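> Given the sequences, and given the hints that come with them, work out the whole structure.
Residue-level listing of the chains:
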Amino acid sequence: MKAKLISTLFAGLLLVTPFVAVNAGDDDKHHGDDGALKKAVAEATAAKKKAASVGGEWRDIGKFLKKAKKAAKKGKMKKAMKLAKKAKWQAEAGYKQVMAQKTVELPSYLK
Amino acid sequence: MKRLFTAAVVIALPLVMAGSAVASPADDSSAIRSYFSKKFPAVELNEFGNGVYAIDKVSRESWEAIEEFPPYETFVDAGEEMWNTAFANGKGYKDCFADGPGVAHKYPHWDKEKGMVMTLPLAINNCRKANGEKPLKYAKGSINDILSYMTYNSRGHKTNVVIPSDDPRAMAAYEEGKQFYFARRGQLNFSCASCHMQNSGNYIRSDILSPALGHTTGFPVYRSKWGTVGTLHRRFKGCNKQVRAKPFKPQGQEYRNLEYFLTYMSNGLELNGPSARK
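Protein chains in written order, with this note's numbering: chain A, 1 to 111; chain B, 1 to 278.
Some clues are possibly wrong.
SDA-like mimics (lysine to any residue), calculated; alpha carbons at most 20 Å apart, straight line [unchecked claim]:
#1 B:38 with A:110
#2 A:102 with B:172
#3 A:78 with A:40
#4 B:112 with B:254
#5 A:102 with B:176
#6 A:102 with B:189
#7 A:102 with B:253
#8 A:49 with B:203
#9 A:96 with B:179
#10 B:278 with B:203
#11 A:86 with B:187
#12 A:63 with B:203
#13 A:111 with B:162
#14 B:114 with B:162
#15 A:96 with B:181
#16 A:66 with B:241
#17 A:86 with B:112
#18 B:39 with B:58
#19 B:225 with B:24
#20 A:111 with B:41
Cβ pair distances, simulated, as ranges [unchecked claim]:
#21 B:94 with A:73: 51 to 57 Å
#22 B:241 with A:39: 38 to 44 Å
#23 A:79 with B:111: 47 to 53 Å
Covered, in the sense of this in silico footprint (three residues per stretch, anywhere, with C-beta under 8 Å from a C-beta of chain A), are these stretches of chain B [unchecked claim]:
#24 29–43
#25 183–192
#26 236–250
Because the hints were derived from the structure by calculation, they are not lab data.
Just so it is clear, the structure is predicted and the values come from calculations on it, not from any experiment.
Every residue gets a Cβ at the ideal spot worked out from N, C-alpha and C, and that includes glycine.
Written out as structure tokens, the structure reads:
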């Protein structure tokens with residue numbers, strides 16, 4: 001009984017294998033995208049944290065990142081990547097914005 | 001010894017020079033007042049406490065009609081009930097605010113012991129916590145009732161923010177608030193001053209921008225857009241979001257210091273909250 005079950009499973013596995021092999025190319029490509037996206041999201045998240053640490057985070061960065069992750073789940077890798085990059089760009093801009101205005105003086109129209 | 005002294009002078013001199021270049025709060029205030037009095041010569045100082053209605057005749061008319069049946073009245077009543085209702089331990093707000101409910105003009109103030117700017121909402125929650133009650137939320141909800149009642153009872157008192165000279169941390173808090181006000185932020189790269197100083201009196205979409213002077217006197221505010229009364233820090237959040245900056249936490253250090261600076265600018269103006277706005 002036991003032996004028979006195992007051999008059936010084995011046969012099943014053999015049957016499935018070709019499909020796995022055929023699909024592998026496609027999967028690999030997805031994995032590649034996934035890796036690049038994960039990196040982009042991680043970079044954007046770090047940039048967001050850095051901006052927040054000086055009070056320079058912009059309003060929609062969190063939303064972009066959430067949307068990026070959602071898009072990735074649906075397999076829309078291009079869209080996800082675009083959103084992650086936008087989030088990173090905004091986070092870096094928010095940080096620079098604060099750095100550029102470390103010491104603000106009264107504007108000239110007030111003098 | 002002599003060398004040490006020279007070294008100290010070399011280090012201290014630039015600090016002193018930098019210090020003297022920084023405008024004092026009184027300088028800031030007089031620069032801002034003279035700006036607004038030139039910009040709106042017909043508006044008397046105390047009138048600035050009415051926000052946009054001080055500078056726009058058209059909207060002022062409908063506002064005056066609204067003030068005849070003030071939408072914040074029920075909030076004042078609800079706050080009075082809160083004031084008179086004992087906490088579970090038998091004590092109440094009276095026990096924390098010994099001078100009665102009309103003390104809004106004593107806030108914000110520098111709390112030397114805590115080393116921070118103390119605001120009225122914060123003091124209300126400190127009172128609750130000290131008596132075993134849950135703190136109230138700082139932007140929406142029933143904090144606005146008790147604030148409405150206390151502010152209503154403070155009407156006519158003059159804004160009088162003091163920046164004590166015996167604690168450099170107070171001056172630092174003021175400077176932080178000032179920095180916040182003039183720093184550009186968000187995707188739109190606007191500062192508070194871009195709208196409420198430089199562009200005050202101009203239209204932004206369907207709104208006329210109110211002058212910064214007098215901005216704090218009327219809070220909490222019933223806004224038709226909110227359909228309820230909201231705190232000053234709720235308004236700060238909204239204005240941060242408008243320029244697509246991430247807002248800060250109500251009653252966090254950023255907004256408390258901002259309130260310290262902004263309220264100082266209105267020193268001498270009468271409290272007139274709660275008030276009604278579009």
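> Quickly compare the C-alpha distance for residue 225 of chain B and residue 24 of chain B to 20 Å and report which way the hint goes.
violated, 37 Å
> Sort out whether residue 172 of chain B lies within 20 Å of residue 102 of chain A, counting only the CA atoms.
Holds, at about 14 Å.
> Between the region 183–192 of chain B and chain A, are there enough contacts, at least three residues with CB-CB distance under 8 Å, for the coverage claim to hold?
Our answer is that it holds, as 7 residues pass the Cβ test (under 8 Å) against chain A, meeting three.
> Taking only the CA atoms, is the gap from residue 63 of chain A to residue 203 of chain B under or equal to 20 Å?
violated, 29 Å
> For the pair supplied as a hint, residue 78 of chain A and residue 40 of chain A, confirm whether the alpha-carbon distance does not exceed 20 Å.
holds, 12 Å
> Apply the coverage criterion to the region 236–250 of chain B and chain A: a residue qualifies when its Cβ sits closer than 8 Å to a Cβ of the chain, and three qualifying residues are needed.
Coverage by chain A holds for the region 236–250 of chain B (7 residues, Cβ < 8 Å).
> Take a quick look at whether residue 102 of chain A and residue 253 of chain B sit within 20 Å of each other, Cα to Cα.
The given pair, whose Cα atoms are some 17 Å apart, holds under the 20 Å limit.
> For residue 111 of chain A and residue 162 of chain B, compute the direct alpha-carbon distance and say whether it is at most 20 Å.
violated, 24 Å
> Is residue 96 of chain A within 20 Å of residue 181 of chain B, Cα to Cα?
At roughly 18 Å apart (the allowed maximum being 20 Å), residue 181 of chain B and residue 96 of chain A satisfy the hint.
> When you check the alpha-carbon spacing of residue 114 of chain B and residue 162 of chain B, does it fall within 20 Å?
Measuring from Cα to Cα gives roughly 16 Å; hence the hint holds.
> Can you confirm whether the C-alpha distance between residue 278 of chain B and residue 203 of chain B stays at or below 20 Å?
holds, 14 Å
> Are the Cα positions of residue 111 of chain A and residue 41 of chain B separated by 20 Å at most?
holds, 17 Å
Hint check: violations occur at hints 8, 12, 13, 17, 19, 22; the rest are consistent with the structure.
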